[in-house]
Amino acid sequence: MTNRRAVALLVLLWAAALIPGHSLAQQQEEQSGSKRKVVNRVVPAYPQLARTMNLKGTVRIEVLVAPNGVVKSVSVKGGHPVLVQAAENAIQKWRWEPATHETHEPIEVSFDPK
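Under my numbering, the first residue of the sequence shown is numbered 273, with each subsequent residue one higher.
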């Protein structure tokens with residue numbers, strides 16, 4: 273019984289240790305100032321296969337945006353393969369406000385069949 277408690281305590285401490293690091297990363301990303309305002313956002317089409325599978329999830333993408341606000345490249349960082357193509361297709365059509373240089377913009381696209 274004491275071994276189970278020790279393992280449970282270790283798992284709890286390990287999980288608690290991960291939370292502040294994630295929050296700090298979010299704060300740093302928000303404070304970096306590199307995020308440009310999206311001026312034209314296209315909503316991705318929910319894939320029929322994902323609807324059939326009742327699949328939901330988030331696709332993480334990093335976009336290289338040219339100074340004129342057009343997407344130069346898209347790099348998938350994570351997400352279910354069935355959802356990735358729909359997210360990429362939509363984000364290719366997004367437009368950002370102009371800037372003096374290229375920027376890398378992190379994007380999360382959520383899919384939910386509801």
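The set of hints was computed from the structure by calculation and includes no laboratory data. Check the hints yourself; a few may be wrong.
Said to hold, decoys possible - Taking lysine-lysine pairs in the DSS-like style, the calculated list, with each CA pair at most 30 Å apart, reads:
#1 344 to 309
#2 328 to 307
#3 386 to 349
#4 386 to 365
#5 365 to 307
#6 365 to 344
**OP:** Check each numbered hint against the structure and report the violated ones by number, ascending.
**Re:** Checked against the structure, no hint fails, so every one of them is satisfied.
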